[in-house]
Amino acid sequence: MDVTGKTKMLRELLESRELYKQAQELAHIGNWAYDIAADKWTWSDELYRIYDMEPQPGNLKPELTKAYRHPDDSELVDEQMRILRELHIPCDIVYRMILPNDTSKQLQLRGDVRRNEDGKVTSLYGTIQDITEKQTLIDRLQKSDMLFKQAQAIASIGNWSWDLDTKQLEWSDEIYTIYELEPQSLKTSATLDKYNHPDDTAIIRDTMRRAIEDRQPFDFNYRIILKSGRTKILHAKGGAEHDPNGGFKIYGTLQDITEQKNIERQLKDYKEFIEKITDVTPSIITSYNINTGEYSFINDAIEKFLGYSPSRVMEEGTAFMSSIIHPDDKQALMEKNAKALEEANQMTGDFEEPVVEFKFRMRNAEGIYRWFHTYATIFERNDLGLVESVLNISIDITDQEEAEKELYSKNIQLQQSNTSLEEYAYVASHDLKEPLRKIVTFSDRMLVTQKDTLNEDGKLYLNKIITAALRMQNMINDLLAVSTIMGNNSFEPTDLNMVLEEATIALDHKIEETGAVIEADRLPVLAIAPSQFRQLFQNLINNSLKFARNGVPSHIRITNDILSYRAVQQYGLAKAKQYLRITVADNGIGFDDQYAAKIFAIFQRLHGRSEYEGTGIGLSVCKKVAENHGGTIFAHGVENEGATFTLIIPIME
Amino acid sequence: MTQAAKHSIFIVDDDQDDRESIRDAFLASKHHQDYIFMKNGEQLIGHFTDVPAKLPSLILLDLNMPGKDGRDVLKEMKANKTYNLIPIIVLTTSSSEKDRKVSYELGANCFLTKPNSFRELVEITDCIAKLWL
Chain E
1 MDVTGKTKML RELLESRELY KQAQELAHIG NWAYDIAADK WTWSDELYRI
51 YDMEPQPGNL KPELTKAYRH PDDSELVDEQ MRILRELHIP CDIVYRMILP
101 NDTSKQLQLR GDVRRNEDGK VTSLYGTIQD ITEKQTLIDR LQKSDMLFKQ
151 AQAIASIGNW SWDLDTKQLE WSDEIYTIYE LEPQSLKTSA TLDKYNHPDD
201 TAIIRDTMRR AIEDRQPFDF NYRIILKSGR TKILHAKGGA EHDPNGGFKI
251 YGTLQDITEQ KNIERQLKDY KEFIEKITDV TPSIITSYNI NTGEYSFIND
301 AIEKFLGYSP SRVMEEGTAF MSSIIHPDDK QALMEKNAKA LEEANQMTGD
351 FEEPVVEFKF RMRNAEGIYR WFHTYATIFE RNDLGLVESV LNISIDITDQ
401 EEAEKELYSK NIQLQQSNTS LEEYAYVASH DLKEPLRKIV TFSDRMLVTQ
451 KDTLNEDGKL YLNKIITAAL RMQNMINDLL AVSTIMGNNS FEPTDLNMVL
501 EEATIALDHK IEETGAVIEA DRLPVLAIAP SQFRQLFQNL INNSLKFARN
551 GVPSHIRITN DILSYRAVQQ YGLAKAKQYL RITVADNGIG FDDQYAAKIF
601 AIFQRLHGRS EYEGTGIGLS VCKKVAENHG GTIFAHGVEN EGATFTLIIP
651 IME
Chain W
1 MTQAAKHSIF IVDDDQDDRE SIRDAFLASK HHQDYIFMKN GEQLIGHFTD
51 VPAKLPSLIL LDLNMPGKDG RDVLKEMKAN KTYNLIPIIV LTTSSSEKDR
101 KVSYELGANC FLTKPNSFRE LVEITDCIAK LWL
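Protein chains in written order, with the working numbering: chain E, 1 to 653; chain W, 1 to 133.
Don't read these hints as lab results, they were simulated from the structure.
Since the model is a prediction, treat every value here as computed from it, not as a measurement.
Errors might be hidden in some of the hints.
Covered by chain E, according to a simulated footprint, are these stretches of chain W (three or more residues, beta-carbon under 8 angstroms) [to be verified]: (1) 10–22; (2) 92–103; (3) 118–125.
Pairwise CB distance ranges (calculated) [to be verified]: (4) PRO524(E) with ASP126(W): 44 to 52 angstroms; (5) ASN640(E) with GLY67(W): 58 to 66 angstroms; (6) LEU454(E) with GLY67(W): 37 to 45 angstroms; (7) LYS30(W) with THR583(E): 51 to 59 angstroms; (8) LEU421(E) with PRO87(W): 29 to 37 angstroms; (9) PRO52(W) with LEU454(E): 46 to 54 angstroms; (10) HIS509(E) with LYS101(W): 18 to 26 angstroms.
Quick reminder that beta carbons are idealized off the backbone N, C-alpha and C, glycines included.
Chain E with its partners taken away, still in its complex shape (with noise of 0.2 angstroms):
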């Protein structure tokens, strides 16, 4: 029971008593007399008022009123009067009457016999009150000390009063079952003392020693341990007070607040908790009326990372907020704001509230804007469900966001570093294709046109300029080549299978020509570049192709397997990733192994020109195909008995 529903019943209670008392000396009384001799009722002006009729002089007979009676309780008033005139037996009951103009009463009648000397009763007299207004406070004062018991019961009040001079003690029941005893069940010389709490016995006996001796009133908590060793807090009020009688009282009421200190604890304990929670986030957390714009909470945090002290924000409210927010932020974030509170209201049954996700700028004391994401829920609705207060969990992203930003861009620098190293690469090819071409082309017509005048020197000196710029115009054409492969990098699931064999359909000629076989195992589906895998498959055949060895024609073999745990080990390849190995071996003319990190560098050559043609950009196109795989080749050669190139590239999702 609230503190409310407690003041308002003891004031109603105060109120009846007070009115009771009105009700006893505004009693109106009104006097009847009949003399038997002379057969002559005598009523006093009052009782005509009780009546409600003009006071009248001569003999008025009772049963003129029989009529007003309430028809169940006539025959009672008449079976009382006739035991009084015969039986002479004083009456005193309480009748109802109905008045003409319908209104009620409730009339008290006493009566008695007057006897002479003789001990002969002559008249009989008595009196009639109106007790209805009486009737209905004395109602209402029942009525009012039930309250008073039931909300004792409920608030687990009681009161108690200790009479100085008689010493003797007054526990309502509710007392009792506090201290979980029998209602009534103690002396009125016994005392609740042993129950005390042995660390409280001092404060209570301070306490009463001043109510008595300085008659101080009293406020205060103790605790007491029952008989079944439970441990109980309790609120003692009260003070001492005179006696109508000139003594004095101790009274006062005791409650059991037990659970209610428990709860506060749990409460305390809980807001602490939470306190500490907000107090160590590094994230601000605020709540606030959406209709007022008022915070009920705001954390430290937002000292750490704004500036501005919860107080400040606390008084200014969201107006403040909003004015700090980046003002191209803020349109969209405001719509965003309105447009998830109306789909919140419109909510119904059961169901979580939904959190909405926010990305916008706030300014910060010292005027820098920090990037903060928001996450916002319904914190509280009204009674028709509609949101009330909304809490948000605000994180400062502004590193991570500056990151982004500046990966963003280091992106967007190497594209189009990228781009622009590709069209280089192509205007530099183009460009200087064009005066090869016209050495190749004039030195050509020279030898057709001046066919006749040229000597033997002249004809060879000729052809060496046109294959010296032949060969350059291929070294251009290469490095043109690798360009363009390493500028796609889009990687699909591929079947190896058929890319293998596009490179070999390439190469279709020269495998007849040289009657090389080529045998190779399943290869599996994996997500790479096909033109980058095209050309490092065939790269690789063609070198094998290149450096068979005389009169023995080609055979190569190409195997793969998954790495094992235990080789992406010795490999030194990153552990959490799984690893497909290829190998291409061949019986060619092999080489020295202590270049075999060599042949992999761009134009390097192991081999004399004349011997074998190509300007050694093969391999290195090999090694940057698997680097862009992140990836690795490496050879391992014999000399006269074979090469055997190994690519281990990752596997990806």
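Got chain E sorted already, so can you dock chain W onto it with the hints?
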């Protein structure tokens, strides 16, 4: 004996040596036509703005030229309903796959890379004359 009217062939190339080489290659295989040199795209497009313009039987177009290049020319010519049926053969130094693709997409009728030797150029021009004239 009446002589058949000569075809007019536009050779659009910024390189004078190349323009002359291409004409010489045609002549070397006895294709005696009217060879009209144009050194850039502006000159070619400018020609078609005169009304009525003399329409060539064939245009040999270089891709990389200063100003309006071969790609721009292809775009404008093939978008023009009056001239879009004139065959345009791209003859360029470039052998890049990208250039080939773009040229065909822009409506080129053929894409050829300029050969290294004059002998090859003669073979090519001979082929062009026989197929497109």
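Comparing the hints with the structure gives:
no. : hint                                         : in the structure
1   : 10–22                                        : holds (count 3)
2   : 92–103                                       : holds (count 6)
3   : 118–125                                      : holds (count 3)
4   : PRO524(E) with ASP126(W): 44 to 52 angstroms : holds (50 angstroms)
5   : ASN640(E) with GLY67(W): 58 to 66 angstroms  : holds (59 angstroms)
6   : LEU454(E) with GLY67(W): 37 to 45 angstroms  : holds (40 angstroms)
7   : LYS30(W) with THR583(E): 51 to 59 angstroms  : holds (58 angstroms)
8   : LEU421(E) with PRO87(W): 29 to 37 angstroms  : holds (36 angstroms)
9   : PRO52(W) with LEU454(E): 46 to 54 angstroms  : holds (50 angstroms)
10  : HIS509(E) with LYS101(W): 18 to 26 angstroms : holds (25 angstroms)
In summary, this structure violates none of the numbered hints.
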